[in-house]
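Chemist: Below, each chain spelled out in residue letters.
2 protein chains.
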Amino acid sequence: MSVTAAQGFSAAGIAAGIKESGGPDLAVVVNQGPRCAAAGVFTSNRVKAAPVLWSEQVLKSGEVTAVVLNSGGANACTGPQGFQDTHATAEKAADSLNSAGYDETGGHGAGTVAVASTGLIGLPLPMDKLLPGIDKAVAQLTPHGGEKAAIAIKTTDTVHKTSVVTHGGWTVGGMAKGAGMLAPGLATMLVVLTTDADVEAPVLDASLRAATRTTFDRVDSDGCMSTNDTVLLLASGASGITPGRAEFDQAVQRVCADLARQLIGDAEGASKDIRIEVVNAATEDDAVEVGRSIARNNLLKCAIHGEDPNWGRVLSAIGTTKAAFEPDQLNVAINDVWVCKNGSVGEDRELVDMRYREVRITADLAAGAESAVIWANDLTAEYVHENSAYSS
Amino acid sequence: MSVTAAQGFSAAGIAAGIKESGGPDLAVVVNQGPRCAAAGVFTSNRVKAAPVLWSEQVLKSGEVTAVVLNSGGANACTGPQGFQDTHATAEKAADSLNSAGYDETGGHGAGTVAVASTGLIGLPLPMDKLLPGIDKAVAQLTPHGGEKAAIAIKTTDTVHKTSVVTHGGWTVGGMAKGAGMLAPGLATMLVVLTTDADVEAPVLDASLRAATRTTFDRVDSDGCMSTNDTVLLLASGASGITPGRAEFDQAVQRVCADLARQLIGDAEGASKDIRIEVVNAATEDDAVEVGRSIARNNLLKCAIHGEDPNWGRVLSAIGTTKAAFEPDQLNVAINDVWVCKNGSVGEDRELVDMRYREVRITADLAAGAESAVIWANDLTAEYVHENSAYSS
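Here the protein sequences come in this chain order: Y and H. My numbering numbers the first residue of the first sequence as 1 and each following residue consecutively. My numbering numbers the first residue of the second sequence as 1 and each following residue consecutively.
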C-alpha cells in the first residue's frame with residue numbers, strides 16, 4: 001500500500017545506520033513508468049535544507065524517476081558540504097538503480113532523483129553510512145515495499161502514516177511523516193504521493209497545490225516552520241487511464257486530507273486534536289488568519305489540554321488579527337456549545353464536554369460568508385519534555 | 001516607594017473580597033497635584049476589556065486625578081454590563097475621594113478616574129464587593145501606600161514589582177504586575193508610573209510612548225496578547241521642577257526597562273529569561289520582527305528550557321520572517337559562543353554554558369547596522385500546568 005498502492009512503483013525501507021538507534025532510516029521510491037511526471041511543494045521557510053534546495057531544482061523539469069528519503073538527519077544549515085552530500089546521494093541512487101536494471105523509463109540521472117531528509121538541523125549526514133545504504137535499499141525494492149518505506153521515514157512519529165484512494169482503474173496513494181503544518185518544526189513533514197493515473201506534470205502541480213493549500217497548509221501543530229518540509233506527487237501512468245480533472249483533484253485532496261489528519265493525531269506530546277473552524281468571515285484569507293491565530297495561542301492550547309472551555313483566550317487570539325469583525329458581534333462555540341455570544345458570556349460553559357481527544361472550536365466572525373478549517377494540537381508537559389530533551 | 005515615591009501621590013491596596021482567596025485585590029492611586037497631567041498606552045488587541053475602553057476615553061483629556069485597579073477579574077468580554085460596571089467604579093471612586101476631602105486638584109469626576117482590571121476574562125466583576133472596597137481603600141490612602149498598591153494588583157505574580165529613579169529634586173516611580181509583553185495573555189500587564197516633575201500631558205505622552213516602544217513592547221513572554229494591558233504615567237508637578245526633555249525621557253525609560261525586566265524575571269512557570277539581540281539588521285523593524293519570531297518559537301523555547309543550544313531552531317525561526325538577510329550569511333551566538341557561522345555549523349556547541357537563568361541569543365543578520373533587543377522566557381511543564389488549570 002502507501003506509495004506502492006499505485007501500479008508502476010517499487011519502494012524499500014531499510015536501516016542504513018544513520019540513526020544511532022539502528023532503526024529504519026532510509027527509503028527509496030522508484031517510478032517504473034511508463035510516465036515519470038512529478039510535482040512538488042516545499043517549505044516556505046527561507047532557511048531551506050540542502051535536500052529542499054536540490055529537489056526544488058529537480059522538480060522544475062516536471063520529471064522525477066526516484067526519491068531517496070532519510071530520517072536521522074535533516075541536512076539543514078550544513079553549508080556547501082551539505083548540498084554536495086545531497087548531490088552525491090542523488091548520483092549514488094541513479095547509479096545504483098541503473099546498475100540494478102531499473103531502466104524502464106530510460107535510465108536514471110541525478111537530475112531526476114529527488115531527495116528528502118528529516119532529523120536534527122546543523123549536523124552533517126554520515127555519508128559513509130547513507131551511500132552504502134542506498135545500494136542496500138535498491139536491492140530490496142519491491143512493488144510491495146510501501147509500508148517499509150513509510151516506516152523508514154519516521155522520526156518521533158509513534159505510527160507510520162499511509163493513505164490510499166482507488167477509483168475505477170486508477171489509484172492515488174501515499175505516505176507521510178511528521179506532526180505539524182506544511183512547515184512544522186522538529187517534526188518536519190515529508191510526504192510522497194504516487195498515482196498510476198496518466199497525468200502530465202502541470203496537472204499534477206495544480207492538483208497538488210490545490211490539495212495542500214487546504215490540508216497540509218492548514219495543519220498547525222505548534223506554529224513552528226521547518227527547513228525541510230517536502231510534499232511530492234509522482235505519476236507513473238501505468239493504469240493507462242487519464243481521469244477527469246475534478247475526479248483526480250478530489251482523489252489527491254482526499255489522500256492529503258487523510259494524511260494531514262493522521263499527522264495531527266500523532267503530534268508530539270499532544271493529548272487533544274483541535275479542529276478550528278472559522279465561519280462567516282469576510283474573506284477566506286481572514287478565516288485562515290483568525291484560525292491560525294487561535295491555533296497558535298499557547299494559553300488557549302494549555303486550556304484545551306486542561307479541558308477548560310476558556311473562550312476568553314479564543315477572543316483574545318481573534319483580537320490580535322487584522323480580519324474584519326466587530327468585537328461585540330463575535331460568537332464562539334466549543335464542542336457545539338456557544339459559550340460566547342456577541343463578544344460576551346453565552347451558554348453555560350459547564351455544558352461543554354471535553355473528555356474526548358477531538359475538540360471543535362467554532363469562531364463566528366459575523367462579517368461575511370467565507371470559512372476555513374485549521375487543525376492544531378494542545379500544549380502539554382510532554383511536548384515540553386520531548387522538545388527540551390531532543391538533541392541532548 | 002513605587003507610585004508614592006514621587007511627591008503629590010497617595011495610594012492604598014486592600015482586600016475587597018474580589019479574589020476568592022481573600023487576598024489584596026484593590027488599589028487606588030490618587031494624584032494630589034498641583035498638576036494632574038497623564039498619558040496612557042493600552043493593549044493593541046482589538047478585543048479590549050471594558051476598563052481599557054473606559055480609560056482610553058479618560059486619557060484623551062490628558063488629565064487623570066485617580067486610578068482604580070483591581071485584580072481578581074479582567075472585566076473583559078462582559079458586554080454592556082461590563083462597561084457600566086467600569087463606569088460605576090470610576091463614579092464611586094470620584095465620590096469617595098471627594099467625600100474624603102481629596103479636593104486638592106479641584107475635586108474628582110468619573111471622567112478623570114482611570115480604571116484597570118486583571119484576572120479571568122468573561123466573568124462579571126462582583127460589584128457588591130468592589131464598590132464598598134473603594135471606600136475602604138480611600139480611607140487607607142497614605143503617601144506611603146505605594147507598596148501596598150503594588151501588592152494588591154498581583155495575580156499569578158510571585159513578587160510585586162516596583163522601581164524608582166530620582167534626579168536632582170524630582171522622581172519617577174512605578175509599579176507593575178504581569179508577565180509578558182505589552183499585551184501578554186493571562187498575565188495582563190498593568191503598570192502605573194508617577195512623577196512629581198512638572199510636565200504637561202503631551203510631553204508625558206511622547207515620553208511614555210518612546211519608553212514603552214523599546215521596553216514593555218519588546219518583552220514577549222509567551223506571544224499572547226491581553227485584552228487588558230494598561231500603562232499609565234501620572235504627573236503631579238509637586239516638585240515644581242520641569243526637567244530637561246532628554247533627562248525626563250531617560251528617567252521614564254529607566255523605570256520602564258527595570259519593570260519590564262522584572263516582569264520577564266517572574267513570568268509564569270519560566271526557568272530561563274532569554275535576551276534576544278538581533279544585530280546588523282537592515283532596519284529596526286527587521287530586527288524586531290526577527291527577535292519576536294525567535295522569541296515565539298515554541299521548539300526553541302523548549303530547547304532553552306533543556307539547556308540545549310539548539311541554534312538550528314533559531315535559524316528556522318529567522319527563516320519565517322520577511323527581514324532582509326541571506327541564509328548563508330546568518331550568524332548566531334548563544335551565551336557568546338558563535339555556534340552558527342554563515343548559516344552553518346560554527347563553534348563547538350559544547351562550549352555553551354547554559355546553567356544560569358539568563359540566556360543570551362545574538363542573531364547577526366549581516367544586512368545592515370540596526371539592532372533590537374527582545375526579552376522572552378523558556379517554555380516549561382510548569383507553564384503548561386499553570387495555564388491549563390487556571391480557570392478550573
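Any given hint might turn out to be false.
A pair counts as met if it fits within one copy or between any two copies, since identical chains are not told apart.
What the hints assert, rightly or not - Computed list of lysine-lysine pairs in DSBU-like fashion (alpha-carbon distance at most 35 Å, straight line):
{"hint": "1", "residue 1": "322", "residue 2": "136"}
{"hint": "2", "residue 1": "148", "residue 2": "341"}
{"hint": "3", "residue 1": "129", "residue 2": "148"}
{"hint": "4", "residue 1": "129", "residue 2": "322"}
{"hint": "5", "residue 1": "129", "residue 2": "60"}
{"hint": "6", "residue 1": "60", "residue 2": "341"}
{"hint": "7", "residue 1": "322", "residue 2": "148"}
{"hint": "8", "residue 1": "148", "residue 2": "60"}
{"hint": "9", "residue 1": "341", "residue 2": "129"}
Calculated directly from the structure, the hints in this document are not laboratory data.
Chemist: Each hint: holds or not?
Modeler: Comparing the hints with the structure gives:
1. Taking identical chains as interchangeable, the C-alpha atoms of residue 322 and residue 136 are never at most 35 Å apart, the minima being 53 Å within one chain and 43 Å between chains.
2. When the C-alpha separation of residue 148 and residue 341 is checked against a cutoff of 35 Å, the pair qualifies neither within a copy, at 50 Å, nor between copies, at 38 Å.
3. In this homomeric assembly, residue 129 and residue 148 come within 35 Å of each other (Cα to Cα) only inside a single copy, at 19 Å, whereas the closest approach across copies is 66 Å.
4. For a Cα distance limit of 35 Å, the shortest separation of residue 129 from residue 322 qualifies neither inside one copy, at 50 Å, nor across copies, at 37 Å.
5. For the identical chains of this complex, residue 129 and residue 60 are intra-copy neighbours only, at 29 Å inside a copy versus 69 Å across copies, given an alpha-carbon limit of 35 Å.
6. When the C-alpha separation of residue 60 and residue 341 is checked against a cutoff of 35 Å, the pair qualifies only between copies, where the shortest distance is 30 Å, while the shortest distance within a copy is 50 Å.
7. With identical chains, the CA atoms of residue 322 and residue 148 are never at most 35 Å apart, being 46 Å at best within one copy and 39 Å at best between copies.
8. Taking identical chains as interchangeable, the C-alpha atoms of residue 148 and residue 60 lie at most 35 Å apart only when both belong to the same chain, with a minimum of 28 Å there against 68 Å between chains.
9. Taking the closest pair of Cα atoms, residue 341 and residue 129 come within 35 Å of each other only across two copies (26 Å); inside a single copy the shortest separation is 60 Å, beyond that limit.
Violated hints, in rising order: 1, 2, 4 and 7; the structure is consistent with all others.
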